[in-house]
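Q: Here the protein sequences come in this chain order: A and B. Take 1 as the starting number for the first sequence in UniProt numbering and just add one per residue. Take 1 as the starting number for the second sequence in UniProt numbering and just add one per residue.
Since the hints were made in silico from the structure, they are not lab data. Hints should not be assumed to be uniformly reliable.
Stated by the list, open to error - Between beta-carbon pairs, the in silico distance windows are:
id	chain 1	residue 1	chain 2	residue 2	range
1	A	ILE148	B	LEU113	37 to 45 Å
2	B	GLN105	A	PRO308	48 to 56 Å
3	A	ILE148	B	ALA385	42 to 50 Å
4	A	TYR309	B	LEU113	43 to 51 Å
5	B	SER396	A	ALA160	49 to 57 Å
6	A	GLY317	B	GLU9	36 to 44 Å
On a predicted model such as this, the values are computed, not experimentally measured, just so you know. Idealized CB from N, CA, C, for every residue including glycine.
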Amino acid sequence: MAQPLNTKSMGGVARQGLRRLPLNATILAPLVALILLFVVSSIASEYFLNTRNISNVMRQVSYTGIIAIGMTFVIIAGGIDLSVGSMVALVGVIILYIINTISDPIQAVLLGMLAAIAAGGLLGLFNGLLVTRGRIAAFVVTLASMSIFRSLALYFTDAAEVSTRNPLFSNVGGGFFLGIPIPVLVFFGLAILAHLLLFYTPYGRHVCAVGANAQVARYSGIRVERIVLSTFVIAGICVGLSAIMLTSRLNSVSPSDAGYFYELDAIAAVVIGGTALSGGRGTVWGTVIGALILGIINNMLNLTGVSPYLQGLVKGGVILLAVLLQYKRA
Amino acid sequence: MSEPILRLEGIGKAFGPVQVLDDISFSVMPGEVIGILGENGAGKSTLLKIISGIYTPTVGTIYLNGQIFSALDPITARFHGVAMIPQEFNLIPTLRVYENVFLGQEVRRNGFLDHADMRKRTQELLSSLEVNLDPRLPIAQLSVAQKQMVEVARVLVNDARLLILDEPTTVLTDREVAVLFRVVRALVANGVTILFISHKLKEVKDLCDRLLILRDGKQVELCETKALNEEDMARKMVGRELSQIYPDKLPLDVTSAPPALQVRGLSLKGKLTDINLEVRRGEVLGLAGLVGAGRTEIAETIMGLRRKASGEVLIDGQAVDIRSPNEAHAHGLAYLSEDRQGKGLILSFNVMQNITALSLKRYVRGFIQHRAERRRAEHYQQRLAIKASNLAAPVSLLSGGNQQKVYFSKLLDIEPDILILDEPTRGIDISAKQQIYRLIRDLTEQNKAVIVISSELEEVIGMADRVLVIREGRIAVELNGDDINEEQIMLYAAGARQHVNCKRVGDYDGTTS
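Construct the entire structure; sequences and hints are all you get.
A: Right under this line is the structure:
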């Protein structure tokens, strides 16, 4: 009799100990998956752990990762933003137009970056206003604006690639600081900020409340529409940052290819990271891990010479697996 | 005597190491009404789910219609005429009444739906229930009571022989309850057996032939209803002596204090006309009336959740313009909604996050101080005796009574001066109710003003120092002192009596005859 009792209480202690950790199952599972993937990749290919390869993977991850962080807020508040990919192209075009019209190189770069963030925020505001004031479902609004933004980018450029001769701009996305690529620094810096915003400020709590139950939020005096609107603006600003990194890395932007399918990668990262698509709960760290998982899978498939046509299949499989595991927990 | 329709022998159910039901044995005759009583968590729902085939018992035997089962499944149970009307209705709001009644068993002719026949049969069923309802109405347009009648009709289509009613009266007014009881008695006359679950002892006493009382998963009593009075029932459910359920009212001295909240000439388009009320510090004002009379609308208009057409609200004599719950909170007003799960708590949030939902600003020093939040939640956990093993677990895991206490804590944490409590004890068990009544009195003793909106007459009578009866968006009468009784309230609520100038009753003799 004493034996089973004993083991039970020990299990209880262990469980309590786990509960005290800031990590719970929702974030633990993607983390374990990431570590596993990392180990498997380093065994599968001798080039994987190569500093240059790692640095490249991280840089690649940053572009969609920055967007995924913004997407996390939108999804937690109960929305979705399908327009981010097209927005990258449109904002990218705007950046290069501004940089090319200003002669002073430093001024051009600074104003271009400012314009990117402003343009991203405004385009997000456009989405958000249609969702809150227009009372149209976020899916429909952003499906439409996805088409609109891409179309505008193509129209302005006649579908031709835009590039710049500005000598400084490429240092932003292509440069390093303390040996780390700048986009990677921006990605992690943004993640820390977003984490603080989501978990340590009333604003973040309100975002979760609105996504979990908008009615309760309204009765609790939370301005539901303002919160929803703000998440779209945050997503837009993140797109602006991502567009800066991407266009300056290439020193050019292709209105037809830039940001193509980024919305899917961003949503996938959020979902793999354990954020509920139905809204109400989620973590920024989960999204970061989700983005890293996607990036490493891509890289590993490339390194091991798997047919590029099969990469989508693997990515889709991982997304399904992540969601399946989430439902099991619920 | 005929065969019992249902007999349970030694039914037990354990979830892992937790024994939720233990050795339940009873039988039910056709045409009998059995009341099942017990506190929240006593095992009532588990028992019902075993009977309707959702759960498999760990031990024991079920005899249904003379056949032996070790466990039922939902299809077999339904085949043998077991039907359950759940607390939360399973109706599809976008479909019409008759479409819901025949959902899953649509009448077909030549492969196509036979709308005319289904409408006709629904009409017949509803008239047999003496319910006047157009089968073509969409469910979304019905009142709660009407929805319940649709559920009953749906069960009758299935030719149910054993009907389980799980707290059917929680959401009904007393008049609607009377209609429901008439329907139940008509069903019984046709030989249908009823299992009736309710927290309201008086109803159980009125309706049931026999009683089964559960406590902590055990059967503590099975007897004729006549054998027990309401107090005995409560005592057996709780397992200890229940002192008085309602705390003593304050000696009536309300005229001395100035009103904390005044409402003058409040109107809401299509809902409220010329509402005047005031509530003083230290008193409980009761708002009685039928469901749909406009009581909740009064509260929501005061809180700035609805845009008023005219009228003004004064707090401590100062006119205030409240346009959102935020502003109401800033003026010391707090509102407990009747819809705990839809408007009150965020079920996926934990206890702490729910408690600080209104008062979050107090916990911010640059960032949210999660530790201060936890300390505050622990404070309320102790003060209101909230049973929660883990403050970080979602509130959806708590029982109704404990959820309600969390909801109260959420309001108390902004230290309001005026509380509007809409159905403060809906769907919670008797000991939790008693604690909440005690809490309400404590609040008035701390010189707070409280408005209690309730459809339970007993509750209004037990708690309120003054009562306003609302009827069709107007104040029908104000009742004081001994005039606060069931008869008076019902007469005015149902419109059987109208007072000449809607003024106070009870100040002088002669109005109450």
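Q: If a hint holds in the structure, say so; if it does not, say that too.
A: Here is how each hint holds up against the structure:
1. A:ILE148 / B:LEU113: 37 to 45 Å: holds (42 Å)
2. B:GLN105 / A:PRO308: 48 to 56 Å: holds (53 Å)
3. A:ILE148 / B:ALA385: 42 to 50 Å: violated (57 Å)
4. A:TYR309 / B:LEU113: 43 to 51 Å: For TYR309 of chain A and LEU113 of chain B the Cβ distance comes to about 47 Å; the hint holds.
5. B:SER396 / A:ALA160: 49 to 57 Å: holds (55 Å)
6. A:GLY317 / B:GLU9: 36 to 44 Å: Given range 36 to 44 Å: violated, Cβ gap about 51 Å.
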